[in-house]
Amino acid sequence: MSGDTPRPPAASSLIEVTAPPAARDIRDATLVKEGDVFLLADLEGNVRAGNPNGFGLYLRDTRFLSAHELAIQGLHPTILLSSGRWHFLGAQVLTNPNLVTADGKTIHEQTVQIRRYRVIRGTALSESLTFQNFNAFPLALDVVVHLDADFADVFEVRGLVPHPCRGRLHPPEHGPSTLIFVYDGCDAIRRTTRVSFDPPPSVLADRRARYRLELDARGAERVAMTIELEERHPVASDVTRPVRPPTPRATGRDGTAVRTGNGAFDAMLERVNEDLSVLAGGDAELPFVAAGIPWYAALFGRDSLITALEMLWMAPSVACRTLLGLARSQAAVDDAWRDEEPGKILHEHRRGELANVGAVPFAPYYGTVDATPLWIWLLAEYCRTTGDLELARTLRPNLEAALAWMDQYGDKDGDGFLEYERRSPSGLLNQGWKDSWDGIPHASGALAEPPIALVEVQGYAYAAKRGAAQVLRALGEPERARALDEQASRLYGAFNDAFWMEAEGFYCLALDGRKRQVTAVSSNPGHALACGIVPPERAARVAERFVREDMFSGWGIRTLSSREAAYNPVGYHLGTVWPHDNALVALGLKRCGHEAYALAIFTALYDAAQHFPSQRLPELFCGFARSAFGVPVRYPVACSPQAWASASWLLLLQAALGIVPVAETGELRVVRPHLPPWLPWVEVTRIRVGATEVDLRYQRIDDHTAVDVKAMRGGVRVTFVDTW
Amino acid sequence: MVEASAAIPGRKKLVVVEDEPEIRELEVFLLAAEGYQVFGLKDGEGAQETTKEQRADLVLLDLMLPRKDGFVVLDELERDPATAHTPVIVVTAFAYTASREALRRRPQVKRIIEKPFDIGDLLDAVAAELVPRAER
Numbered sequence: 001m002s003g004d005t006p007r008p009p010a011a012s013s014l015i016e017v018t019a020p021p022a023a024r025d026i027r028d029a030t031l032v033k034e035g036d037v038f039l040l041a042d043l044e045g046n047v048r049a050g051n052p053n054g055f056g057l058y059l060r061d062t063r064f065l066s067a068h069e070l071a072i073q074g075l076h077p078t079i080l081l082s083s084g085r086w087h088f089l090g091a092q093v094l095t096n097p098n099l100v101t102a103d104g105k106t107i108h109e110q111t112v113q114i115r116r117y118r119v120i121r122g123t124a125l126s127e128s129l130t131f132q133n134f135n136a137f138p139l140a141l142d143v144v145v146h147l148d149a150d151f152a153d154v155f156e157v158r159g160l161v162p163h164p165c166r167g168r169l170h171p172p173e174h175g176p177s178t179l180i181f182v183y184d185g186c187d188a189i190r191r192t193t194r195v196s197f198d199p200p201p202s203v204l205a206d207r208r209a210r211y212r213l214e215l216d217a218r219g220a221e222r223v224a225m226t227i228e229l230e231e232r233h234p235v236a237s238d239v240t241r242p243v244r245p246p247t248p249r250a251t252g253r254d255g256t257a258v259r260t261g262n263g264a265f266d267a268m269l270e271r272v273n274e275d276l277s278v279l280a281g282g283d284a285e286l287p288f289v290a291a292g293i294p295w296y297a298a299l300f301g302r303d304s305l306i307t308a309l310e311m312l313w314m315a316p317s318v319a320c321r322t323l324l325g326l327a328r329s330q331a332a333v334d335d336a337w338r339d340e341e342p343g344k345i346l347h348e349h350r351r352g353e354l355a356n357v358g359a360v361p362f363a364p365y366y367g368t369v370d371a372t373p374l375w376i377w378l379l380a381e382y383c384r385t386t387g388d389l390e391l392a393r394t395l396r397p398n399l400e401a402a403l404a405w406m407d408q409y410g411d412k413d414g415d416g417f418l419e420y421e422r423r424s425p426s427g428l429l430n431q432g433w434k435d436s437w438d439g440i441p442h443a444s445g446a447l448a449e450p451p452i453a454l455v456e457v458q459g460y461a462y463a464a465k466r467g468a469a470q471v472l473r474a475l476g477e478p479e480r481a482r483a484l485d486e487q488a489s490r491l492y493g494a495f496n497d498a499f500w501m502e503a504e505g506f507y508c509l510a511l512d513g514r515k516r517q518v519t520a521v522s523s524n525p526g527h528a529l530a531c532g533i534v535p536p537e538r539a540a541r542v543a544e545r546f547v548r549e550d551m552f553s554g555w556g557i558r559t560l561s562s563r564e565a566a567y568n569p570v571g572y573h574l575g576t577v578w579p580h581d582n583a584l585v586a587l588g589l590k591r592c593g594h595e596a597y598a599l600a601i602f603t604a605l606y607d608a609a610q611h612f613p614s615q616r617l618p619e620l621f622c623g624f625a626r627s628a629f630g631v632p633v634r635y636p637v638a639c640s641p642q643a644w645a646s647a648s649w650l651l652l653l654q655a656a657l658g659i660v661p662v663a664e665t666g667e668l669r670v671v672r673p674h675l676p677p678w679l680p681w682v683e684v685t686r687i688r689v690g691a692t693e694v695d696l697r698y699q700r701i702d703d704h705t706a707v708d709v710k711a712m713r714g715g716v717r718v719t720f721v722d723t724w
Numbered sequence: 001m002v003e004a005s006a007a008i009p010g011r012k013k014l015v016v017v018e019d020e021p022e023i024r025e026l027e028v029f030l031l032a033a034e035g036y037q038v039f040g041l042k043d044g045e046g047a048q049e050t051t052k053e054q055r056a057d058l059v060l061l062d063l064m065l066p067r068k069d070g071f072v073v074l075d076e077l078e079r080d081p082a083t084a085h086t087p088v089i090v091v092t093a094f095a096y097t098a099s100r101e102a103l104r105r106r107p108q109v110k111r112i113i114e115k116p117f118d119i120g121d122l123l124d125a126v127a128a129e130l131v132p133r134a135e136r
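Residue numbers (my numbering), protein chains in the order written: chain A, 1 to 724; chain B, 1 to 136.
One should not assume that every hint holds.
Taking lysine to any residue and the SDA-like style, the derived pairs with C-alpha atoms no more than 25 Å apart in a straight line are [unchecked claim]:
| # | chain 1 | residue 1 | chain 2 | residue 2 |
| --- | --- | --- | --- | --- |
| 1 | B | 115 | B | 80 |
| 2 | B | 115 | A | 84 |
| 3 | B | 42 | A | 135 |
| 4 | B | 115 | A | 681 |
| 5 | B | 42 | A | 549 |
| 6 | B | 42 | A | 136 |
| 7 | B | 42 | A | 138 |
| 8 | B | 12 | A | 121 |
Derived list of chain B stretches under chain A, where covered just means 3 residues or more per stretch with a C-beta under 8 Å from a C-beta of chain A [said to hold, decoys possible]:
| # | segment |
| --- | --- |
| 9 | 39-52 |
| 10 | 71-84 |
None of these hints come from the bench; they were simulated from the model.
No residue lacks a Cβ here, since even glycine has one placed at the ideal position from N, Cα and C.
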């Protein structure tokens, strides 16, 4: 997804903020989220007015609070603890700096404790502040909470789009115990932030709630706030309320459980589950896993499909929901403004003001060349894993439309490859997963000109055609299946003629608009390995190339070789390390028989994760060599959690274990299992193969991995094979 | 003495008896945000009376409390017919084997949650106890 441009700081703050726009950074941000509402705050839990980091309280791509600051005696409290153990709950412990009260009394630092709890339920954030005096004397504290709401669209917050039309921001309404912000948007939606205080503040004016708290010796006082968000559509009764998830803990697994001899790794797997709960969004009609927080809190086609692929062996229900959800918004018309063409799967669906009024084409937007073949590939893999042909029957028209898009619109020049070139002037220049404006460079550093045929997209197309053929054969359509297989075979040959770079022993990044190879060495061919479009002799050379030091940083595979002219270890797609990218490369290496290299990637990411908060891999991190600093360098505005980064662990584990369920033959294939040295054993229970289940135990013995079949339920067999 | 959340007709009522202020605050705050009306008490004094007066639907009870411990509160709840059938969730670090056995003999104690507890487990347990039996 595209990178960001800083924007200048705005209005004044309770405490002056002087950080320049270039300081934009969310590495230490705190997050509380449930459903479509999230609060992104700084380490102290504050949202400082005019902050350049995009902090705020958001609902549906709109910032409903742009300031939320706490001060005692005019100073920010000192943070002692900030816990994000539960995504819907924030817990913080703060204490006072040295203070002087209004009557001249000195309050020594760390003698007043402030406990702050925040919880999001439905569309409301509740906050509890308890001030506890540990002094042996009473004291009076002046407490101020500063709140403001700019109702900025997330595209504006990120500095990507200046606000071309501004609705009416009403003056805030101050009541005795309520503060109300109202904004009438250009999209005719009234957005309201209603803050209620309990007890009422001493003074509530100028966007500030002022309290004079009289604390007894060793006594405590509590202040509570409820912040309710509302979107009211033109029809007065049509109030948008995100549906509250049924429990605070959603599950990312369908009964399949993993336990290992490494407690830290177990905790990381548990974190995957929690991240998916954090990322759950949408409503009962269209639930989805958002791509990432904070910038991509929306449905994205590519991200949700790759996340579902990563999780498929443990949670096929996620794939089912993803396929159905994206099928509902499959394009039916040709609309250049949205880069929309019949049969295409969407790129992104935004719900903020700028999208609603058409200032950006993202409600929804279809500028993605890979979501459509990825959708077909996922459908085929889902059917292979579960044997659920009912879903395939239900989606049969969507499958046909998607295949037709690949032939008719995806390959406009008829050369057999999927290419992209944006038609929307506000659309994305690059429409593969490296979709930043400079994401596809030639070896010279010059940008490739469209139409661009990306290497990994041809792999997806190949997997889609082969997979669709399998599905249609199972549905009793052998002729159609044969035709698709023939198309896939032609693509295999054409791809290997056009994309291979013999001197480099690698595939090029893309073909440009003049059908010239974009010869930059990149991570992209690893995805093609995973799709089965690479012959074994070439796979060996590609695998060896991946682990040279210009590509393998020590923490993972870089997006671009450090020898390329365009290389930048801090460039969004120009040399950074992306966990999902690495997981797909590892799958490709495993599939082609190079499990030692796949394990090297698994281990590198495991080591890297130890350096991130909660051992959670972010969207990406910098591509600096491990030897240079000894720790991975964090990317300043990476989303975390990011769905496909979190789910990477499941795909990496699947590759190591070699688990391939094949429902049609009632077979669980175990392909060349190899555990990394830091996983002495792994137990997996209830691996689903269609309606049957298998329990396996893996044990590492010296450099080998033994597998015991602990249980089989239903008519399933376990085979130990070499072929994925 | 009592930290109470807002009274809204029709809400289920909970009594939280917990001496550690951080934990009591968290429980009262979270359960109130869940939509319950919550009464927080810092020790066992008045726990039975509050349960009775408020016709509480559930009691979350710490065992190791100053002044009047949780076992005494359980005895008091049991003795009064008005509170003898109010379900209790024991939330304690004190539930070692002997206590656990003693608690199991008390039909009023529906669940035992050990500290440190997971917030999700606590919310799930409360929700489960407050679901009418026919809906379980």
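Hint numbers contradicted by this structure: Result: hints 1, 4, 5, 9 and 10 break, sorted rising.
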